[in-house]
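With the hints as extra help, turn the sequences into a complete structure.
Below, each chain spelled out in residue letters.
Number of protein chains: 2
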Amino acid sequence: MTRIADRTTEPSPWSPREAELLAATLQLLQQHGYERLTVDAVAATAKASKATVYRRWPSKGELVLAAFIEGCRQVAVVPDTGTLRGDLLRLGEAILDHATRHSATIRAVMVEVSRDPALREAMQHQFLDGRKALIESVLQDAVDRGEIQAAAISEELWDLLPGYLMFRSIVPSRPLTQKTVQIFVDNVLIPSLTRPL
Amino acid sequence: MTRIADRTTEPSPWSPREAELLAATLQLLQQHGYERLTVDAVAATAKASKATVYRRWPSKGELVLAAFIEGCRQVAVVPDTGTLRGDLLRLGEAILDHATRHSATIRAVMVEVSRDPALREAMQHQFLDGRKALIESVLQDAVDRGEIQAAAISEELWDLLPGYLMFRSIVPSRPLTQKTVQIFVDNVLIPSLTRPL
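Protein sequences, first through last, are from chains Z and A.
With the UniProt record's numbering, the residue at position 11 of the first sequence is 11, and numbering never jumps.
With the UniProt record's numbering, the residue at position 33 of the second sequence is 33, and numbering never jumps.
Just so you know, the hints here were simulated from the structure itself, not pulled from any lab data.
List of simulated lysine-lysine pairs, BS3-like, C-alpha gap at most 30 angstroms:
no.: 1; chain 1: A; residue 1: K132; chain 2: Z; residue 2: K179
no.: 2; chain 1: Z; residue 1: K132; chain 2: A; residue 2: K179
no.: 3; chain 1: Z; residue 1: K179; chain 2: Z; residue 2: K132
no.: 4; chain 1: Z; residue 1: K60; chain 2: A; residue 2: K60
no.: 5; chain 1: Z; residue 1: K132; chain 2: Z; residue 2: K60
no.: 6; chain 1: A; residue 1: K50; chain 2: A; residue 2: K60
no.: 7; chain 1: A; residue 1: K179; chain 2: A; residue 2: K132
no.: 8; chain 1: A; residue 1: K60; chain 2: A; residue 2: K47
no.: 9; chain 1: Z; residue 1: K50; chain 2: Z; residue 2: K60
The structure presented is a predicted model; accordingly, all values stated were derived computationally and were not measured.
Pasting the structure below:
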């Protein structure tokens, strides 16, 4: 039963008005970058008062983290393709799509989170815990189908797929494409999960 | 013959005085973070004039990138342990050590590089090209020893080891340790490089 709950896309914790403010924040971040983002501009873009924004998110860091998490929530997919390879490819492609569209936001979040332990805590509980549960559920499905052994899962490296793709999107030395995801899944993740034990 | 040249640790491109300024920059970055770094403080710490610093590095971004690259150069190891596993562990541990001591610098470099195409170009030629050659040489040694097949190397993912460890160091949701490196090498990198082709 908890299983069904896990698999449902989480409902938004925000009102439609708040969601509009977060969408405006994401849009401005991607257009102008973090330094030039102002609460004034967010309020103006979403036709709200500055007080409305500040009441909900007292600092720029909190606003940006909330916008990032809400953006991720909207694209969170429970892959459920029926195979481990299919699930990993779909997860990887969703991360790729999000990371390439929102690289400026991801960079901003990393900087803010590194400065502020309270934001780090919020990121952990509002974001990372859920991501970890999603990836673990994909791997558990593969165990249940007999595709891999439970002992082949390295919990320490649960964020290898999103972590490397995020790294590639924020250090843009060469294009990050669907081909990258496919090579990562076929040449690295599947061989690791199906290695002789 | 080029092989021997490849394996020699590159000489520093800086004079001893310049190297002192870069060391002072790294130290201040790690103590106070990027926002609070000033050229004044770098000059004062290294007992130099501001003009001396600005003459060599006209912007804070250039100064920080140079300090980062010089710090990396000093810890660059050519592992040469005689086995692929040994080489990967040693490389991973050197990256781990550097990334955990200089996480604030790495974050600063990522932000600056993302804003400035000229810095991105400098990072590519002064840093990434050399790193790629080092990792390729470790893998080529393993091919020469018959440990792996050349076709098992995924060039697209040459930076998987440093990239994931850097990601972990800048998104500090849990400790990054030698155990992380060992699990990464044994459960992921070696199975990928020795997978059936």
